[in-house]
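From first to last, the protein sequence lines are chains A and B.
Sequential numbering from 1 applies to the first sequence in the numbering used here.
Sequential numbering from 1 applies to the second sequence in the numbering used here.
Heads up, some of the hints might be wrong.
To be verified - Now the stretches of chain A that chain B is said to cover, found in silico as 3 or more residues with beta-carbon under 8 angstroms:
1) 270–279
2) 336–346
Said to hold, decoys possible - Just the calculated beta-carbon pair ranges, DEER-fashion:
3) Ser261(B) x Ala299(A): 26 to 36 angstroms
4) Trp59(B) x Ser223(A): 44 to 54 angstroms
5) Ser5(A) x Leu201(B): 54 to 64 angstroms
6) Ser223(A) x Leu182(B): 37 to 47 angstroms
7) Arg291(B) x Tyr34(A): 15 to 25 angstroms
8) Ser63(A) x Trp59(B): 28 to 38 angstroms
9) Leu182(B) x Asn8(A): 54 to 64 angstroms
10) Gly349(A) x Leu6(B): 18 to 28 angstroms
11) Ile53(B) x Lys221(A): 28 to 38 angstroms
12) Leu402(A) x Ser261(B): 29 to 39 angstroms
As the list claims (entries may be wrong) - Simulated crosslink set (DSBU-like; lysine-lysine; CA at most 30 angstroms straight-line):
13) Lys215(A) x Lys448(B)
14) Lys284(A) x Lys448(B)
15) Lys19(A) x Lys89(A)
16) Lys23(B) x Lys12(A)
17) Lys12(A) x Lys448(B)
18) Lys264(B) x Lys284(A)
19) Lys72(B) x Lys12(A)
20) Lys301(A) x Lys264(B)
21) Lys448(B) x Lys421(B)
22) Lys301(A) x Lys335(B)
23) Lys219(A) x Lys61(A)
24) Lys215(A) x Lys150(B)
25) Lys448(B) x Lys219(A)
26) Lys264(B) x Lys354(B)
27) Lys100(A) x Lys62(A)
28) Lys301(A) x Lys284(A)
29) Lys354(B) x Lys401(A)
30) Lys72(B) x Lys19(A)
31) Lys150(B) x Lys264(B)
32) Lys25(B) x Lys400(A)
Bear in mind the hints are in silico, worked out from the structure with no lab data behind them.
Just so it is clear, CB atoms sit at the ideal spot from N, CA and C, and this is done for glycine as well.
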Amino acid sequence: MNNISSRNQSEKRFQFYGKVAVTLAISFLVILLYNIFSTGISAFQQTYVAVKLDIPASVDKKSINPRSYLNKSFLEMFPPEVKSRNERKAVLSLLSKGAKYEFQELLEDNESSSLQGYFWFLASADLDMYIKGTVKRQGDTAGRLDEVQMQYVDILESKNLVELQSNKYLFSAADSREPEMAGIRGAIIGSLYAILIAFLVSFPIAVLSAVYLEKLASKNKFSDLIETNINNLAAVPSIVFGLLGLAIFLNFFNLPRSAPLVGGLTLALMTLPTIVIASRAAIKSVPPSIEEAAIGLGASKVQTIFGFTLPLAMPGILTGTIIGIAQAIGETAPLLMIGMVAFVVDIPGGPMEPSTALPVQIFLWADSPERAFTERTSAAIMVLLVFLVLLNLTAIYLRKKLEKKW
Amino acid sequence: MIEILLITILSLALYGFALNKKKAKVLSEINILHSQPHYHGLYTAFLTIVPAIILLISWSFIMNIIMGANLKDYFSDITDAGLVEFYTNGVIDYVEGTTDAIIDHVGFIPAVEYYQSLQKTSSILQFIVTLTLALILFRYSMRFVEVQFKARDHIERVVVIIMRASAVFAIFVTLGIVLSLLFETLRFFDSVNVFDFLFGLHWSPQMAIRADQVGSSGSFGAVPVFTGTLLISFIAMAVAGPIGMYSAIYLSQYASDRVRSYAKPIIEILAGIPTVVYGFFAVITVAPFFRDLGAFLTFTNMSSESALIAGSVLGIMIIPFVASLTDDALTAVPKSLKEGSLAMGATLSETTKKVIIPASFHGIVGSFLLAFSRAIGETMIVVMAAGFAANLTFNPFDSVSTVTVQIVGLLTGDQEFDSPKTLSAFALAFVLFFITLILNVISLSIVKRYREQYE
């Protein structure tokens, strides 16, 4: 037998290992969240450049070519040395390709009034990265901004003609090749369509089969088979469901590729077992005395189920459903299989139109080599996490408030 | 067309519901009915809707098969069955509007015209037949509003059938998975030998487009892919196993209720974070960290897509699976065993090591197996952090590929559907499905048997 002090020491060591393990697990979560938030927070702002316009009210706005006029006004703000072709090109590329559309909109909105003074236009992603400090100045250059461009950036900065404003594009635009114009609205809408369809398909089927398995099925080989089957389905890798969707919905039923409809159906099959298992647990927790009372008063089995069992089990069922839906929202792999990875610049108008989903958009942006997409990826992740937190809080609220203790 | 039809049938059913309910109500004022009036209304509604919907669904099903078969006649000069199928699908997609691609073949335009005209007559016929059926059944149901008629019994029978169908649906999903994977896998094995696939040591599925190009036949020896999957999963378990198990031990044996009530949900958040987020985390944080660490330790041969990166991030993701299932197993051990050991003078750590863990050993093994099967099937982390080139190595600093990475790589992007390259993805998925299924069945049965032991 070891002596007491070494036994106590090994006791302390053991406890210490446990503390280290818990601390490590929690610190992984903290590091992950900190990383995402610290890289993503800057994407909610965007760099804008002020351009001096001088258009009197009398000028017919339709006669102005937005692109060349904007470029001319921008160049005129600088000392006249900017003359060589390359230099002009370098300076103009400080403005985003989207600036001309903003100018066009401005012209359309001010058909009969004058446009005089400084107006803010979207800056290019390279300038944006420098202003946000993501890329640092090294000598005369900074990231992809060359010496010539940096000279003019300094001029702009000294005159206070660049500033960070809130990012309008992030929540109003779909994907784009230009990082500064790319947004997640298209992906969010695609996700919402897919989730709505997944819910509409999986919820009724799952609840009905849970009721059947708990209340109506006689205990035999067949109901055992269904039960093991559902438990195993819950653990099938999600990518396999993607292949199922590809084989059944796309190749067999010829549904359109990349459509949220197909994504939703695939996710429905994936969430089905989760909802069934949660619903069964909720139905099980309804006290039999209530059902027996209903039967005793002459209600039929089906009447008892729809009148008493289901309403009483509903909070639990909804909690399980929300958790299943939260899982489905973050799911990416099955959507890759059914082609929801396409580059889609339009915001989808319906569940049959090609679209991406939020996690897929994250995947696509994470793949992009441009620095400016990194912060957008993190921002998209933040939005996704906020969705998930909201869903889970709803689930906790439902469980706390509605679930009765029998 | 189909929308108008559905709305018509639906409003007919609603009208029938209101009509029969009212009729039954009038009847119930002087008699005692077997069923409540609204059941009589529901009976009409069911009779109007359900057969019509069944007809609608089976109609489009059968028509698709008939029309597809007739389309083949337009491409009768082509001998390759796969190409004929590709062309007929092209015609269907063109008419449905999913593609604008016109196929360069004499039969294409006539086939499109034929398909369009067939679709038109089919939809008109469908409209007339379905509506007639709904109307006849609607009229037919009117005569059943009687005192003795057991409307409720009939409806409940239908409801139970719908419930049973929902329960059986899960079996069809499994069946669908197995059949669709099996079907494509068998087609894959038409061109590639089963043994070459399972035991071949070289994996390079990239096939040339034309047959006469160099390296036109890809090689499909899946062993490097399997070993890569195992390597990454083992690294993940090496991270998640100790951390998950020690946290479970600490939280179940040592921590105060207060600490436990905070720490447990926080750790479980790790399981709720979408895997694509972990993938991004691996790329922007963990990969540079390991690169710097490698440079610091003067490791030069470390790949930027090394198995270590993907494996350790995967490990972080599965910590909560290990932790919560192990926790369940530890807390299920009867208190009497623990207290007996403590009363004999053993310290808590000795009790844990010598009594509680042996007593819950099955449950812990089950939790490890479940976590391992999660790791094998996980996709996004490895797609983003591991490589596509399948190297046959057990060196954790090398880049390896996994089954899921290959499936994603082979099936995303545009490619024809019948080449061995795309079919090999189904074969890999079939193996993946099979292995995770076995792991789950084993671990679930272990956990279940062990639970019963103490109940």
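When the hints from earlier in the document are held up against this structure, which numbers fail? 3, 4, 6, 8, 12, 15, 16, 17, 19, 20, 21, 22, 23, 29, 30, 31 and 32
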